[in-house]
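Residue numbers (numbering that gives the first Met the number 0), protein chains in the order written: chain A, 0 to 142; chain B, 0 to 204.
These aren't lab readings, by the way, just hints derived from the structure by calculation.
Wrong hints could be hidden among the right ones.
[As the list claims (entries may be wrong)] Here are the simulated BS3-like pairs of lysine-lysine, each with C-alpha atoms no more than 27 Å apart in a straight line:
no., chain 1, residue 1, chain 2, residue 2
1, A, Lys78, B, Lys88
2, A, Lys94, B, Lys153
3, A, Lys87, B, Lys182
4, A, Lys87, B, Lys188
5, A, Lys86, B, Lys50
6, B, Lys92, A, Lys87
7, A, Lys94, B, Lys149
8, A, Lys94, B, Lys182
9, B, Lys88, A, Lys87
10, A, Lys78, B, Lys50
11, B, Lys113, A, Lys86
12, B, Lys88, A, Lys94
13, B, Lys50, A, Lys34
14, A, Lys39, B, Lys92
15, A, Lys90, B, Lys182
16, B, Lys194, A, Lys49
17, B, Lys191, B, Lys171
18, A, Lys87, B, Lys158
19, B, Lys194, A, Lys90
20, B, Lys61, A, Lys34
21, A, Lys34, B, Lys88
22, B, Lys55, A, Lys94
23, B, Lys158, A, Lys78
24, B, Lys153, A, Lys87
25, B, Lys191, A, Lys86
26, B, Lys50, A, Lys49
27, B, Lys55, A, Lys126
28, A, Lys34, B, Lys182
29, A, Lys39, B, Lys113
30, B, Lys171, A, Lys87
31, A, Lys34, B, Lys153
32, B, Lys191, A, Lys94
33, B, Lys55, A, Lys86
34, B, Lys149, A, Lys86
35, B, Lys55, A, Lys87
36, A, Lys86, B, Lys153
37, B, Lys191, A, Lys90
No experiment lies behind these values; they were computed from the predicted model shown.
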Amino acid sequence: MRKLVLITLLAAMSLCPELCYGQNPEPQNRRYKVKIDFGKAYISGICIKKDIEGGSLWSLMNEFGVSALSFSYDESRQKTRIISMLKKLRKPGVKAVLRRDLSVICEDLEHTEGLDTLTHSYVSAYKEDIVYNFTPLRNEITQ
Amino acid sequence: MRKLLCIISLSLASLFSGMAQNQSRIIEQINSAGAAVKSLECDFTQTKHIKLLNDKMVSTGKLYYAQSGSLRWEYVSPYSYIFILSDSKVLLKNSDRSDVIDVNQNKMFRSIAKMMGDCIVGKCLSDASSFQTSISESPSEWVATLVPLKKDLKQMWSKLVLHFDPAAKCVKVVEMYETTGDKTIIEMKNIKMNKAIDPKVFSVQ
Numbered sequence: 000m001r002k003l004v005l006i007t008l009l010a011a012m013s014l015c016p017e018l019c020y021g022q023n024p025e026p027q028n029r030r031y032k033v034k035i036d037f038g039k040a041y042i043s044g045i046c047i048k049k050d051i052e053g054g055s056l057w058s059l060m061n062e063f064g065v066s067a068l069s070f071s072y073d074e075s076r077q078k079t080r081i082i083s084m085l086k087k088l089r090k091p092g093v094k095a096v097l098r099r100d101l102s103v104i105c106e107d108l109e110h111t112e113g114l115d116t117l118t119h120s121y122v123s124a125y126k127e128d129i130v131y132n133f134t135p136l137r138n139e140i141t142q
Numbered sequence: 000m001r002k003l004l005c006i007i008s009l010s011l012a013s014l015f016s017g018m019a020q021n022q023s024r025i026i027e028q029i030n031s032a033g034a035a036v037k038s039l040e041c042d043f044t045q046t047k048h049i050k051l052l053n054d055k056m057v058s059t060g061k062l063y064y065a066q067s068g069s070l071r072w073e074y075v076s077p078y079s080y081i082f083i084l085s086d087s088k089v090l091l092k093n094s095d096r097s098d099v100i101d102v103n104q105n106k107m108f109r110s111i112a113k114m115m116g117d118c119i120v121g122k123c124l125s126d127a128s129s130f131q132t133s134i135s136e137s138p139s140e141w142v143a144t145l146v147p148l149k150k151d152l153k154q155m156w157s158k159l160v161l162h163f164d165p166a167a168k169c170v171k172v173v174e175m176y177e178t179t180g181d182k183t184i185i186e187m188k189n190i191k192m193n194k195a196i197d198p199k200v201f202s203v204q
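In isolation and in its complexed conformation, chain A is listed as follows:
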């Protein structure tokens, strides 16, 4: 019996080291498989979200690793600021539409985080032919 208790304890310790040693592991950045459909064309790739004080930082890259977009989200103001953008995307109106749509998406994803692995689809509130798809990726696969 004592042996069984010892084995159970060791197994629990290896599963939850932070409980045993009182340490919080470094929170992992959230990863999403992303597709932004512009009707005739689309961008696909991976988006990584890092929580920072008062909001989050996001970076979107295509499958080859080329950075397409990076932005920050201010939680209290529910506003997004574009930090950098692939030159190809810098077209009149695109930045403003992306900024406003991404504010809504960031706010929504904040509340659904960790709940499921389903794809979250959003139709642009400003241009109906733009559809955003965010599918959470499991961290253990990507790191």
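Position chain B against the provided structure of chain A, taking the given hints into account.
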């Protein structure tokens, strides 16, 4: 004083001429080895370093190349994504969609596709219209630094660094530095050369 300056100039000239000769010799060796590559297949690990987030993203997959210029770049993790370049067509395939693009109508894809293929066999080292190339040599590797000269490549990358295995004279690591400060490192593993590849691998249908 004039004599000293003359000696220094001559020494520098001979040093640079020696370096240029060395560079030409390495490029020649890589080119002749590349010309002998009829086909190539390997596994790859792609690590994207994101400066803004101080994080990295690792993807893995398989690469197939044929001398005709056909290329299959297949990601298996974190999710399946296939890029096939065959003749002037590019197939992009993910879990819910397949798109065939004519590279002649899409400048960005044309330059990415050409650069990927040329990097694999080292052809890009001699492409003086696209890159300014410098080469350094150590016993364990040859390192080529390529600075893009063309507008479409310059928009994406500040430089590319190719690491070659001097014994096999083939590329083993490609580092791509973006203008944003991010970088992507692609490591080739289990490289198999001149092994027959099923033509279906390059099918864009």
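The hints, checked one at a time:
| no. | hint | in the structure |
| --- | --- | --- |
| 1 | Lys78/A with Lys88/B | violated, 41 Å |
| 2 | Lys94/A with Lys153/B | holds, 22 Å |
| 3 | Lys87/A with Lys182/B | holds, 19 Å |
| 4 | Lys87/A with Lys188/B | violated, 33 Å |
| 5 | Lys86/A with Lys50/B | holds, 19 Å |
| 6 | Lys92/B with Lys87/A | holds, 21 Å |
| 7 | Lys94/A with Lys149/B | holds, 26 Å |
| 8 | Lys94/A with Lys182/B | holds, 24 Å |
| 9 | Lys88/B with Lys87/A | holds, 21 Å |
| 10 | Lys78/A with Lys50/B | holds, 22 Å |
| 11 | Lys113/B with Lys86/A | holds, 20 Å |
| 12 | Lys88/B with Lys94/A | violated, 30 Å |
| 13 | Lys50/B with Lys34/A | holds, 22 Å |
| 14 | Lys39/A with Lys92/B | holds, 16 Å |
| 15 | Lys90/A with Lys182/B | holds, 25 Å |
| 16 | Lys194/B with Lys49/A | violated, 44 Å |
| 17 | Lys191/B with Lys171/B | holds, 12 Å |
| 18 | Lys87/A with Lys158/B | holds, 19 Å |
| 19 | Lys194/B with Lys90/A | violated, 45 Å |
| 20 | Lys61/B with Lys34/A | holds, 23 Å |
| 21 | Lys34/A with Lys88/B | holds, 22 Å |
| 22 | Lys55/B with Lys94/A | holds, 26 Å |
| 23 | Lys158/B with Lys78/A | violated, 34 Å |
| 24 | Lys153/B with Lys87/A | holds, 13 Å |
| 25 | Lys191/B with Lys86/A | violated, 37 Å |
| 26 | Lys50/B with Lys49/A | holds, 12 Å |
| 27 | Lys55/B with Lys126/A | violated, 32 Å |
| 28 | Lys34/A with Lys182/B | holds, 22 Å |
| 29 | Lys39/A with Lys113/B | holds, 24 Å |
| 30 | Lys171/B with Lys87/A | violated, 30 Å |
| 31 | Lys34/A with Lys153/B | holds, 25 Å |
| 32 | Lys191/B with Lys94/A | violated, 45 Å |
| 33 | Lys55/B with Lys86/A | holds, 23 Å |
| 34 | Lys149/B with Lys86/A | holds, 15 Å |
| 35 | Lys55/B with Lys87/A | holds, 24 Å |
| 36 | Lys86/A with Lys153/B | holds, 11 Å |
| 37 | Lys191/B with Lys90/A | violated, 43 Å |
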